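Using the sequences provided together with the hints, build the complete structure.
Protein sequences appear in the order of chains A and B.
Position one of the first sequence corresponds to residue 1 (our numbering), numbered consecutively onward.
Position one of the second sequence corresponds to residue 1001 (our numbering), numbered consecutively onward.
If you are wondering where the hints come from, they were derived from the structure by calculation, not from laboratory data.
Computed from a prediction, not measured in an experiment: that's the story for all the values here.
Since no wrong hints were added, every one of them can be taken at face value.
Computed footprint of chain A on chain B, listed as stretches where at least three residues anywhere in the stretch have a Cβ under 8 Å from a Cβ of chain A: (1) 1016 to 1023; (2) 1040 to 1048.
Derived, one-sided and incomplete: chain A residues facing chain B with beta-carbon distance under 8 Å: (3) I5; (4) A28; (5) L29.
The beta carbon of each residue, even a glycine, is placed where N, CA and C say it ideally should be.
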Amino acid sequence: MPERIPEALAAPKSGRSLPLVWIVPAVALAIGAWLAVSAWLERGTQITIHFRTAEGLQAGKTRIKYKDVDVGLITEIALASDLTGVIAAAELVKGADKLAVEDTRFWVVRPRISGSTVSGLQTLLSGTHVAVDVGKSTQRRRLFIGLEQPPAFTTDVPGRQLTLRAEDIGSLDIGSPVYYRRLQVGQVAAYELDKDGRAVKVTIFINSPYDRFVSANSRFWHASGIDMALDAEGVRVKTESLVSLAIGGIAFATPLDEAEPGPIAADTVFSLHRDQAQAFKNPDRLADSYVLVFDQSVRGLQPGAPVDFRGIVVGEVAAIRTQYDPGSKKISIPVEIRIYPERFTSRLRGGAKSARLGREGKFVAGLVERGLRAQLRTGSLLTGQLYVALDFFPDAPRTSLDLARSPPELPTRPSTLEDLHATLVSLANKLERVPLEQMATNVGHTMQSLDSLVKRLDTELAPEARSTLAEMRKALAETTKTMGDASRTFASAEKSLAPDSALFAELADAAREFARTAQTLRTLADYLERNPQALLRGKAEDAP
Amino acid sequence: MSASAARLGLVGCPTCRLVSRVAPAETMLCRRCLAPLELRKPGSIGRCWALLVAAMALYVPANTLPIMYTSSLFGSQEDTLMSGILFLWQSGSWYLALIVFFASILVPLAKILGLALLLVSVQLRSSWRPAERARLYRLVESIGRWSMLDIFVVALLVTVVQLTALAAVHAGPAALAFGAVVVLTMAAAQSFDPRLIWDPLEQAHA
Chain A
1 MPERIPEALA APKSGRSLPL VWIVPAVALA IGAWLAVSAW LERGTQITIH
51 FRTAEGLQAG KTRIKYKDVD VGLITEIALA SDLTGVIAAA ELVKGADKLA
101 VEDTRFWVVR PRISGSTVSG LQTLLSGTHV AVDVGKSTQR RRLFIGLEQP
151 PAFTTDVPGR QLTLRAEDIG SLDIGSPVYY RRLQVGQVAA YELDKDGRAV
201 KVTIFINSPY DRFVSANSRF WHASGIDMAL DAEGVRVKTE SLVSLAIGGI
251 AFATPLDEAE PGPIAADTVF SLHRDQAQAF KNPDRLADSY VLVFDQSVRG
301 LQPGAPVDFR GIVVGEVAAI RTQYDPGSKK ISIPVEIRIY PERFTSRLRG
351 GAKSARLGRE GKFVAGLVER GLRAQLRTGS LLTGQLYVAL DFFPDAPRTS
401 LDLARSPPEL PTRPSTLEDL HATLVSLANK LERVPLEQMA TNVGHTMQSL
451 DSLVKRLDTE LAPEARSTLA EMRKALAETT KTMGDASRTF ASAEKSLAPD
501 SALFAELADA AREFARTAQT LRTLADYLER NPQALLRGKA EDAP
Chain B
1001 MSASAARLGL VGCPTCRLVS RVAPAETMLC RRCLAPLELR KPGSIGRCWA
1051 LLVAAMALYV PANTLPIMYT SSLFGSQEDT LMSGILFLWQ SGSWYLALIV
1101 FFASILVPLA KILGLALLLV SVQLRSSWRP AERARLYRLV ESIGRWSMLD
1151 IFVVALLVTV VQLTALAAVH AGPAALAFGA VVVLTMAAAQ SFDPRLIWDP
1201 LEQAHA
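Below, the structure is given as structure tokens:
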């Protein structure tokens, strides 16, 4: 071994028992443990949401967002066991488990375009997410049914939810606006058909602070479309807004005469009227049914046609039926009408309310005794629409109201047109009864006898008449001879006229006058003979 | 059979490579450069174990936590190592998926397991296949740096893709853990003294 190799220097021992390097795994382990613990602590609540379709949902990608903050993640999507939908398992982040309460609602945010709103456009780029509306319940829940449509309002928006009952939905849709004094104050939240299918239940939401304008007396009506009215002031067109024209809407108002609007009971159901006018009519809380039996045609009478008492609409036609009476083998048309007695209620002098036109008070029976009758009248000559008129006919045959029947039958009276019609018909009938044919035959017979008569006259009388005429001519000739004799007689009579008679004297004057004229003419003729130029130049002046 | 330097009472300076004779003292210093001289790396096994345990501990979060957050107009997304590989595989880039899987999952795991095997065999003073174990050590030492591939990718993306509103990439906690695993395994490989593999053999011969 070479001795040139130097020996290493000896140095004092450094007092290090535990190598510092063990700090490294300690730290790493601490970090790992902390991560594990925090992961375990951060492990959120597992919930399950049932959706109809998984359109746009992606396991591990689709987020659950509340106020646009990630509160969870869809971790798994599977078909429901009955294949009616999908079940999305989701994990809510730590601290978001308060979201999962009884009335929390989940829905998938997709791009939606409805009449009034375009929503969820951001999801076109970012992909769909699941939105949450946190409920107010404190009851925890793990299984949810996802909504198909986003709710029209979320529970964190203050306001009030109301239920309206409508005959039909009209053009309303979820999100259709609700107007108060033409200001949008809410929207339609939901609608569904009544269980019996006879009406539509519309749920609307009025935003705070406008919800305090709703009282138990508020009236709601469809504000969709254009309301055109033709009255004494001309044509008026009313619409709520262009939006409501397109997508429908609801308007409401509270009548001002209500002294103190009462609070609304929780289960109040308002009616949704067709239009404003109908909404503001006094509600008819009472309705009495009567039956009218008409023998005439009811063409032009429709259910809903007014029943009017001297121009005041007091009811409407409820139904028109036909009825066959096997006993009398007659078909009659019973028309059922509804009369709203409150419209008939009048104020007597003194302010007391009179007995209402009710069946109980036998008030109607009294009226019928005094001649109250129902009559069909033509409302419009153009359309031929009929209405039922109630009026008094004191000359009507007396009858009484049978209150025992339900509904009682009000006596009817043929209408005035019907009267006229009946008269014309009876006249025609009478005319029809006249035996025209027989008369015509008789006339023909008469003519024939006349004809034969004339022929007989011709054959039998004419020759006799001719001989008679010849005789008459002979007689006439004799008469002429007689007349000659008569003239001679007259001449002799003339002779016998006296010469001093007036006629004679005048004749004599005339003769003298004539003689003078003849003399003058002779003189003229002489002059002309001598001076024929006088014919051309006139009479020459005598020479002096 | 060759004799080892230690058996001949010689020690090499790790810094200036000067060979010295072993002095009869607790600690020795190099006569030339005053670097501490050791016959074998002091506490090699303990240090290696410590670093290896730390690497093992961090290997778990490195694989389970998100390594990268991507947020863009199209939503935000977080990826773990494995989900990234799965995404690559499913989108058809199976070769890329294999590379990333190899570099990010297999190599660190192989390093950890290989080092553990070496440590256990050395501690048991096993004389089992020393040449292969030596080759394993060389392999572990040489492939260590390749695991940094993922970290480079993440670092590159984080710096390049920063369009604030349109898209942004952030490194996740797993990137840190993963980087730590790589560094710790490299350090562990460094701290292992491969001469320990041969010591039991020599003692058996001696």
